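Peer 1: Please build the complex by placing chain B on the supplied structure of chain A, with the hints as guidance.
There are 2 protein chains.
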Amino acid sequence: ALAAPAIAQTAPKVTWRVTSSFPKSLDTIFGAAETMSKYVSEMTDGNFTLQVFPAGELVPGLEAADAVSAGTVEACHTVPYYFWGKDPTYALGAAVPFGLNARMMNAWFYYGGGIDMMNEFYATQNLIAFPAGNTGVQMAGWYRKEINSVEDLKGLKMRIGGFAGKVIEKLGVVPQQIAGGDIYPSLEKGTIDATEWVGPYDDEKLGFYKVAPYYYYPGWWEGGPAIATMINLAKWAELPPAYQAALKAGCVVANTDMLASYDWKNPTALKSLVANGAQLRPLPQDVLLAAFEAANQTYAEVSAGNATFKKIKESQDAFRRDAYLNAQIAEYNYDVFMMSQQQAGKL
Amino acid sequence: ALAAPAIAQTAPKVTWRVTSSFPKSLDTIFGAAETMSKYVSEMTDGNFTLQVFPAGELVPGLEAADAVSAGTVEACHTVPYYFWGKDPTYALGAAVPFGLNARMMNAWFYYGGGIDMMNEFYATQNLIAFPAGNTGVQMAGWYRKEINSVEDLKGLKMRIGGFAGKVIEKLGVVPQQIAGGDIYPSLEKGTIDATEWVGPYDDEKLGFYKVAPYYYYPGWWEGGPAIATMINLAKWAELPPAYQAALKAGCVVANTDMLASYDWKNPTALKSLVANGAQLRPLPQDVLLAAFEAANQTYAEVSAGNATFKKIKESQDAFRRDAYLNAQIAEYNYDVFMMSQQQAGKL
Chain A
208 ALAAPAIAQT APKVTWRVTS SFPKSLDTIF GAAETMSKYV SEMTDGNFTL
258 QVFPAGELVP GLEAADAVSA GTVEACHTVP YYFWGKDPTY ALGAAVPFGL
308 NARMMNAWFY YGGGIDMMNE FYATQNLIAF PAGNTGVQMA GWYRKEINSV
358 EDLKGLKMRI GGFAGKVIEK LGVVPQQIAG GDIYPSLEKG TIDATEWVGP
408 YDDEKLGFYK VAPYYYYPGW WEGGPAIATM INLAKWAELP PAYQAALKAG
458 CVVANTDMLA SYDWKNPTAL KSLVANGAQL RPLPQDVLLA AFEAANQTYA
508 EVSAGNATFK KIKESQDAFR RDAYLNAQIA EYNYDVFMMS QQQAGKL
Chain B
208 ALAAPAIAQT APKVTWRVTS SFPKSLDTIF GAAETMSKYV SEMTDGNFTL
258 QVFPAGELVP GLEAADAVSA GTVEACHTVP YYFWGKDPTY ALGAAVPFGL
308 NARMMNAWFY YGGGIDMMNE FYATQNLIAF PAGNTGVQMA GWYRKEINSV
358 EDLKGLKMRI GGFAGKVIEK LGVVPQQIAG GDIYPSLEKG TIDATEWVGP
408 YDDEKLGFYK VAPYYYYPGW WEGGPAIATM INLAKWAELP PAYQAALKAG
458 CVVANTDMLA SYDWKNPTAL KSLVANGAQL RPLPQDVLLA AFEAANQTYA
508 EVSAGNATFK KIKESQDAFR RDAYLNAQIA EYNYDVFMMS QQQAGKL
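As they're listed, the protein sequences go chains A and B. Under the numbering used here, think of the first position of the first sequence as 208, with each following residue one higher. Under the numbering used here, think of the first position of the second sequence as 208, with each following residue one higher.
Source of the hints: derived by calculation from the structure; they are not laboratory data. Treat the hints with care, as some may be off.
Since the list gives no way to pick one copy over another, a pair counts as held whenever it fits inside one copy or between any two copies.
Claimed, not checked - In silico DSBU-like links for lysine-lysine, alpha-carbon gap of 30 Å or less: (1) K472 / K455; (2) K553 / K518; (3) K517 / K396; (4) K442 / K361; (5) K518 / K478; (6) K518 / K455; (7) K442 / K455; (8) K245 / K455; (9) K231 / K455; (10) K472 / K361; (11) K377 / K553; (12) K231 / K478; (13) K455 / K220; (14) K442 / K220; (15) K472 / K518; (16) K478 / K517; (17) K553 / K517; (18) K245 / K442; (19) K245 / K220; (20) K293 / K442; (21) K518 / K442; (22) K517 / K472; (23) K364 / K396.
Note that the coordinates shown come from a computational prediction; the quantities given were computed from them, not determined experimentally.
Bound conformation, chain A alone:
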């Protein structure tokens, strides 16, 4: 019999299941995984297929990393901070309060050793991960009443999850964990006083402005949340090098594409929300200062007992210091001039 030609062996058929932590209704975040899948399929002539499943179809959204770690599915598309309860180090791969913004996260990931540092940690979880999306700075959410000072946060029942909940507790907020679909009725009934979600485009679809009109900014707990594709370490090692390269490139495409998509959609949604009665409000300065202090206390507490968290946080902080100095020069002054022209009706 004729042996299979060698070239056929370089393009094996590989089909992976990728569980998303998001529902299809979050079309921008969910869509980034589909974009990644589409590119990977095209680049490999249809030989490497990533089947993307919405949260809950194979695995609940908040169990995605566990399922990948156990090898139940080969990969997931998720926000690493969902798993901070297993180890707070996960949060550093996504966003922590007063962390790096989207561009700075990319600089740190791709040039500051961030991907490698995170993957040293992820390897202990049987995972390897690459950035695969970003939302940009999120909003601070929807509130039934105005927040005029840090005093107004005391006893506020707010739907806010993860590591941010741990920080905002120190300001007297009572964090609530509520799934996406249950937030609107809870807010309408007054079971909760406030909720955070994402930003204008995603928030508009859930209609919060009808029951909690005060729309605060900025979301200080999410300055540049990175979404990740997490892969089972053994499955990654089995991939031919060309498929590894295709998947890495697919992750970069998803990373860039998601932020571009939000940046395109949010301005229209913001105008629509305001036209429909949303009341835009900046968080008072004393709230931001108290939150910054509370975040730093939390980092000190976590770092005292977790050397990996400490090391990675210090790496991000060192860059944050210089990056926010540099950003005050060309970037800030260009954008502020353009904003002044927008306010003057000249754009």
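Peer 2: Then chain B, alone, in the frame of chain A:
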């Protein structure tokens, strides 16, 4: 004889020459083309090779698009505004004064129909192009004397090229076209009074701070310059779909990677420049306002005789208006709070 197996035909050996418009010494910009090449090679198991040549080795930097259009080389890595003299529409694929910033360029390219609009135009030049890099907001350059008002620009001999030169002429500046290596001696001798280049990382290497210490910002003519990979249209059509997909993904990787690289390197270079005597100065507000006015006059003049330029500029302007409204909310307030903490020594 045995026919070649079908699978072999899906992975033909293809070798392209990519002429860069940049020297190797601009390692971040030049390096983005190498990153693109590396990814494309890995993703195709070494079957699709992009050989990257620095400016001048095959083709002079400013003739890159012509060489690709003529099929002398298959592709180039360049800044489309270099070719504005052939048609000002080229500049809209890179940067125009007071244009979109880097994130907004991506949103417009990938979601606002920007890539397709530019490619309708590029097709008339026998080209197809994809974004493949960005520098972020550039600096306004190095000046031997301080600029205290728009009056100080009258008669100023400044090395500044392209479409920006056309605009800045209206303020009385005398634009000079000088190749990279000749700028320093011209500035030292006083043959020119000022020069613009890129940003802290690239500028530091040329040592301008020693002979023109006033380092102004922001570079209002380059708010988010997009670098592009331009491809000969017929050569593109000949590529197997998988190689087209790999090249498109390689361009996205280069796009994201270059900005991340600059964002990582610029902060350190900025600090080093200031330590070595560079005097940071914001451009006076009257200069920015006069330049904004001059840019708008230029756009009106060009648009009057060029329907394609007009259509694409209006598309960018419509997005710019909304994007700079939206940017004033979450992004601006997050970054400004972080900058205030940087200034207070709290980061």
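Peer 1: Could you run down the list of hints and mark each one as holding or not?
Peer 2: The hints, checked one at a time:
| no. | hint | result |
| --- | --- | --- |
| 1 | K472 / K455 | both (26 Å within a copy, 23 Å between copies) |
| 2 | K553 / K518 | between (47 Å within a copy, 19 Å between copies) |
| 3 | K517 / K396 | neither (41 Å within a copy, 52 Å between copies) |
| 4 | K442 / K361 | neither (48 Å within a copy, 65 Å between copies) |
| 5 | K518 / K478 | between (42 Å within a copy, 24 Å between copies) |
| 6 | K518 / K455 | within (25 Å within a copy, 36 Å between copies) |
| 7 | K442 / K455 | both (14 Å within a copy, 26 Å between copies) |
| 8 | K245 / K455 | both (13 Å within a copy, 12 Å between copies) |
| 9 | K231 / K455 | both (23 Å within a copy, 26 Å between copies) |
| 10 | K472 / K361 | neither (34 Å within a copy, 42 Å between copies) |
| 11 | K377 / K553 | between (44 Å within a copy, 19 Å between copies) |
| 12 | K231 / K478 | within (24 Å within a copy, 45 Å between copies) |
| 13 | K455 / K220 | both (18 Å within a copy, 23 Å between copies) |
| 14 | K442 / K220 | both (14 Å within a copy, 29 Å between copies) |
| 15 | K472 / K518 | between (36 Å within a copy, 21 Å between copies) |
| 16 | K478 / K517 | between (41 Å within a copy, 26 Å between copies) |
| 17 | K553 / K517 | between (47 Å within a copy, 17 Å between copies) |
| 18 | K245 / K442 | both (20 Å within a copy, 23 Å between copies) |
| 19 | K245 / K220 | both (15 Å within a copy, 24 Å between copies) |
| 20 | K293 / K442 | within (22 Å within a copy, 51 Å between copies) |
| 21 | K518 / K442 | within (28 Å within a copy, 49 Å between copies) |
| 22 | K517 / K472 | between (36 Å within a copy, 24 Å between copies) |
| 23 | K364 / K396 | within (12 Å within a copy, 68 Å between copies) |
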